[in-house]
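Could you slot chain H onto chain P? The hints should help.
Same order as they appear, the protein sequences are chains P and H. In terms of my numbering, the first sequence opens at residue 180 and continues consecutively. In terms of my numbering, the second sequence opens at residue 2 and continues consecutively.
Read the hints as simulated data drawn from the structure, not as lab findings. We put the beta carbon where it would ideally sit given N, CA and C, even for glycine. Some hints here could point you the wrong way.
Partial list, computed: chain H residues near chain P (C-beta under 10 angstroms) [to be verified]:
1) 130
2) 131
3) 133
4) 142
5) 148
6) 150
In silico negatives: residues of chain P with every beta carbon more than 10 angstroms from chain H [to be verified]:
7) 202
8) 215
9) 267
10) 283
11) 289
12) 293
13) 300
14) 323
15) 337
16) 342
17) 370
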Amino acid sequence: MRTMRYLALGLIILTFLVACGKKPTAEIESAQSAVNAVISEGLGKYAPEDEKKLKDALSAAMEEVKLQDEKTFKNYDKAKQMLAEVKKSAEEMKASLPAKKEEAKKNALSAQESAKSAVNEAKSLLAKAPKGKGTALDIEALKADVKGLEESLTEVQGLIEKEEYGEAVTKANALKEKTSGVSSQITQALEKVKAEKPRKR
Amino acid sequence: MLLIVAILSLFHLIFSIGCSNNKTVPPEAILAQQQEADLWRAEAPSYLPDQYAKYKESYNQAQRNLLRINSRFPWFRDYRAVQTEFANLLKQGEELNKILNVEKEKKAQSILDQLRELSNRLETLSNLTLISHFEDISRINLTKAEIVLNEAKDLYKRKQFLLSERKLWDVETYLMEVENKISSILNRYRDLNLILKWKRWAKETVEESREKDIYCVLIIKSEKRLVLYKGGKPIKHYPIGLGKRSWLNKRHAKDHATPEGRYRIIGKNPRSKFYKALLINYPNENDRREFSNAKKKGLLEKGTTIGGLIEIHGGGHKGLTDGCISVDNVYMEELYSLVDIGTPVTIIGALGEKNSLSSILTNIQRSRGQENTN
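For reference, chain P alone in the conformation it holds in the complex:
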């Protein structure tokens, strides 16, 4: 009779332990999908360190799950807690991402606007140059240069549309620098044309 009691008690304890040791599949899926969601939103572009921290935390949680998987008496409480923290972090990062994106976009648009103004200024200068047959070679070359500037400006727009804001800022700044050089060359060429004009018919 006493043996039967011990057996029953043992079974109860075993059932309790097995019940506690159920693999947290739903929590894993939930944490993974939260991480994937924020990464696909572009976390790596705007906060690469956060992305690494998040991935590392998820890996650590998965290691904890793996460790418990190998045990006879499994206890996933810690893993569940870690997964919940990962999920929470991912959601927080996702919530703060739009503000980061907006800030990066604002910077890109500002750099684009600045480059655009410089290109428009160069175009206005060039509009004063003589046109058609007999146009000086350097002015003809500068016209092509301005076309190149305009094409690069289109590339900046393309980068902004693709949400490559950092790259757009770098290109816009480089474009502005080149445009300044082209504008100086246009001014010099126009002055040269002006100086040479009286010698022609």
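Positioned in the frame of chain P, the structure of chain H alone reads:
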């Protein structure tokens, strides 16, 4: 009593075993975590992917072992083995960091060299396209190349060497396109058969001038020069301006090319839009034959005409024409007064294998060769 003493002794033994071992997470584990983050920040995965992957695997294994120990009952935690593992990992990381710094220095130097090399090539091509027109696309690409080069310089300053290097590949692509374009145009200035033909035309023109003791005009495109002969001797040299595609032989209307061949002056216009003008007989018989052949072969678009009205006119040697030859008004005045209708005008590409345009090709190939050896 004896039993109580035995039990107490056993507890003491258990406690002393538990307490004598290292019960706290080893500091090496925390340092390794910091080190791994630093290596990642320093772009080790991009610079040394294989070595970093090996390091990362060791790091993960050490973390797994630490986790395994941490999951034990506190009395049974023994960190000594994992502490050694983390200490070894730290050494591995330090070694990796040293290699990484060397690699980064190498990369920085290589980018600096490439920046110099590409800047020089860009400057050479830019100057070349300023003195000679090689299609708008060349200048457009050079402008874009310079913008990307500026981006590469900016990224280099910010120590983003790998991104800078990627930009340099784009610069290289743009420059190659320009160089290929220029080479395809200028290759004919190294074509021995063509050069022999040009030389023969020039020789025949000079002979005609000598035999008949008349004025003859020789126009050499590669030198952008007009030479006036009298009695077989050069008496005047004028700088000239040519068309946008002057380096090509004129094939049809609106191709902006300057014809090559033996022509004659067939008209004089004292009131030209471009000061004064001497009209030549383009298209001549040969031009018509070539045009007809090109049309038969389907090389020309439907409705294309052969064109005409090719003149030597004033307006200045710095202007771009649609295929005509322009000289400064003061020289035009002189030329106009010296030559009459019927004066032979020969237009050639170059007088020899070694001409200014074939040298440009050689320079382009040399700079590419240097680039490849670098």
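*Which earlier hints turn out false for this structure, listed by number in ascending order?*
14
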